[in-house]
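Visitor: Spelled out from the first residue to the last, the chains are:
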Amino acid sequence: MAWLDPTARAIVNGLQGEFPLTSRPFRDAGRELGLTEDELIEGVRDLTGSGALSRFGPLWNAEQIGGGVCLAAMAVPEVRFEEVAAKVNAHPEIAHNYERTHMLNMWFVISADDPRRIQQVIAEIEHETGIAVHAMPKTREFFVGFRVEV
Amino acid sequence: MLDATDRRLIAATQGGLPLVPKPYRAVAAQLGLDEADVLARLQSLLERGAIRRIGAIPNHYALGFTANGMSVWDIADDAVADVGAKVGALDFVTHCYERPRHLPLWPYNLFAMVHGRTRDEVRTKVAEIADLIGPAERGHDVLFSTRILKKTGLRIAA
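Just so you know, the protein sequences line up as chains A and B, in that order. Using my numbering, you'd call the opening residue of the first sequence number 177 and step up by one each time. Using my numbering, you'd call the opening residue of the second sequence number -13 and step up by one each time.
If you are wondering where the hints come from, they were derived from the structure by calculation, not from laboratory data. Accuracy of the hints is not assured; some may be wrong.
[As the list claims (entries may be wrong)] Pairwise CB distance ranges (calculated):
id, chain 1, residue 1, chain 2, residue 2, range
1, B, Thr(-9), A, Glu218, 43 to 49 Å
2, B, Ala116, A, Thr277, 15 to 21 Å
3, B, Arg87, A, Glu218, 46 to 52 Å
[Said to hold, decoys possible] Among the chain A residues that face chain B by a calculated CB cut under 7 Å, a handful are:
id, residue
4, Arg185
5, Val188
6, Leu191
7, Gln192
8, Val220
9, Phe232
10, Pro234
11, Gln240
12, Gly244
13, Phe257
14, Val260
15, Ala266
16, His267
17, Ile294
18, Gln296
19, Glu300
[Unchecked claim] Taking lysine-lysine pairs in the DSS-like style, the calculated list, with each CA pair at most 27 Å apart, reads:
id, chain 1, residue 1, chain 2, residue 2
20, B, Lys8, A, Lys263
21, B, Lys72, A, Lys263
22, B, Lys136, A, Lys263
23, B, Lys72, A, Lys314
24, A, Lys314, B, Lys8
25, A, Lys314, A, Lys263
We put the beta carbon where it would ideally sit given N, CA and C, even for glycine.
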């Protein structure tokens, strides 16, 4: 893990939400963290530049903005794993795809502006690979207060 | 519902805010809006849940949280709401969802994602979840990710 200086640590731990909706938000948030406006902007720039932050800004909720998102899993024979991964990943609607330790060994997220695309993508992958895709749409989301501590 | 201007605001900010002293004014200028209009829209989108939060979006892997365990639980349907609320409240759970079972292959209906620096750290946290759930649990497993096959950000057309 990249070593984080105290400024970077303060930003990561202290600014995972509640970034102010004000005209000078870096100044206002910096005051809470004991940083000047310039120090905070530089610190965020360093963290996004090094990849420690994916980005800095709004975290949009895909379903709430009208798109569709669905987790899906497949049991892929080991000998076909790379071929199937390439076929699945070729769909632009696949946002994430992970190999996992289970008989269901390929887990991916399908994301589409039009929720009707989800079922189409699943049907396309089943047709292209001959392997069943198990759709696991969330039926309920529980509140999570998680914050990374570094 | 979101209007066309909201969607342009999403497209303009989904890669992050401009890192300048007046980021909302910069976004407003890009979209031909007033800063006050951008602020009011973002506030409304937060209140409606279209924006989960605004701030630093950490890259767990880059920060050293390289072990990623998807813990999955078989919980009686009439208990899952209560159990899910308790599990989601744990400070190391990053996502917590109810999802459909796929019997007989997949008996689990509650998913709780746990990030840690090592697999042992994740296993210890999963054991804490098991203690918290107690007898409401009929079985669980934890699936570690062994490889990232693809990872792209959320992309929304304007």
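Visitor: Each hint: holds or not?
Guide: Going down the list of hints, with the structure as the test:
Distance hint check for Thr(-9) of chain B and Glu218 of chain A: the Cβ-Cβ separation is about 32 Å, which falls outside the suggested range of 43 to 49 Å. The hinted range of 15 to 21 Å is satisfied by Ala116 of chain B and Thr277 of chain A, whose Cβ atoms lie roughly 18 Å apart. About 49 Å separates the C-beta atoms of Arg87 of chain B and Glu218 of chain A, a value consistent with the hinted range of 46 to 52 Å. Given hint, Arg185 of chain A at the interface with chain B, is violated; its Cβ is 10 Å from that chain's nearest Cβ, farther than 7 Å.
Given hint, Val188 of chain A at the interface with chain B, holds; its Cβ is 6 Å from that chain's nearest Cβ, closer than 7 Å. Taking 7 Å as the C-beta contact cut-off toward chain B, the hint placing Leu191 of chain A at the interface holds, the least distance being around 5 Å. The closest approach between the C-beta of Gln192 of chain A and any C-beta of chain B is roughly 5 Å, which is under the 7 Å cut-off, so the hint is satisfied. The closest approach between the C-beta of Val220 of chain A and any C-beta of chain B is roughly 6 Å, which is under the 7 Å cut-off, so the hint is satisfied.
Interface hint at Phe232 of chain A: satisfied, since its Cβ lies 5 Å from the closest Cβ of chain B, which is below the 7 Å cut-off. Annotation: interface hint on Pro234 of chain A holds; nearest CB of chain B at approximately 5 Å, less than 7 Å. Below 7 Å, beta-carbon pairs count as interface contacts, and Gln240 of chain A has one with chain B at about 4 Å; its hint therefore holds. At about 12 Å, the closest approach between the beta carbon of Gly244 of chain A and any beta carbon in chain B exceeds 7 Å, and the interface hint on this residue is violated.
This hint is violated: Phe257 of chain A has a C-beta 9 Å from the nearest C-beta of chain B, more than the 7 Å allowed. Using the Cβ-Cβ criterion of 7 Å, the hint placing Val260 of chain A at the interface with chain B is not satisfied: the shortest such distance is roughly 10 Å. Contact between Ala266 of chain A and chain B, as hinted, is not supported at the beta carbon level, the nearest pair being about 10 Å apart and thus beyond 7 Å. Evaluation of the His267 of chain A hint against chain B yields a violated restraint, the C-beta minimum of about 10 Å exceeding 7 Å.
Violation of the interface hint for Ile294 of chain A is found here, the shortest Cβ-Cβ separation to chain B being roughly 14 Å, above the 7 Å cut-off. The beta carbon of Gln296 of chain A is not positioned within 7 Å of any beta carbon in chain B (closest approach about 17 Å), and the interface hint is therefore violated. For the restraint placing Glu300 of chain A at the interface with chain B, the shortest Cβ-Cβ distance is roughly 16 Å, beyond the 7 Å limit, so the hint is violated. Of the supplied pair hints, the one linking Lys8 of chain B and Lys263 of chain A is violated, its CA atoms being roughly 44 Å apart against a limit of 27 Å.
Between Lys72 of chain B and Lys263 of chain A the CA atoms are separated by roughly 38 Å; this puts the pair beyond 27 Å, and the hint is violated. For the given pair, Lys136 of chain B sits about 12 Å from Lys263 of chain A by alpha-carbon distance, which is consistent with the 27 Å threshold. A threshold of 27 Å between alpha carbons decides the hint, and for Lys72 of chain B with Lys314 of chain A the separation of about 17 Å falls inside it, so the pair holds. In summary, the hint linking Lys314 of chain A to Lys8 of chain B is not supported, as the alpha carbons are separated by about 38 Å, beyond the 27 Å threshold.
Annotation: proposed proximity of Lys314 of chain A to Lys263 of chain A holds, straight-line Cα distance about 24 Å (limit 27 Å).
Against the hints set out earlier in the document, violations occur for numbers 1, 4, 12, 13, 14, 15, 16, 17, 18, 19, 20, 21 and 24.
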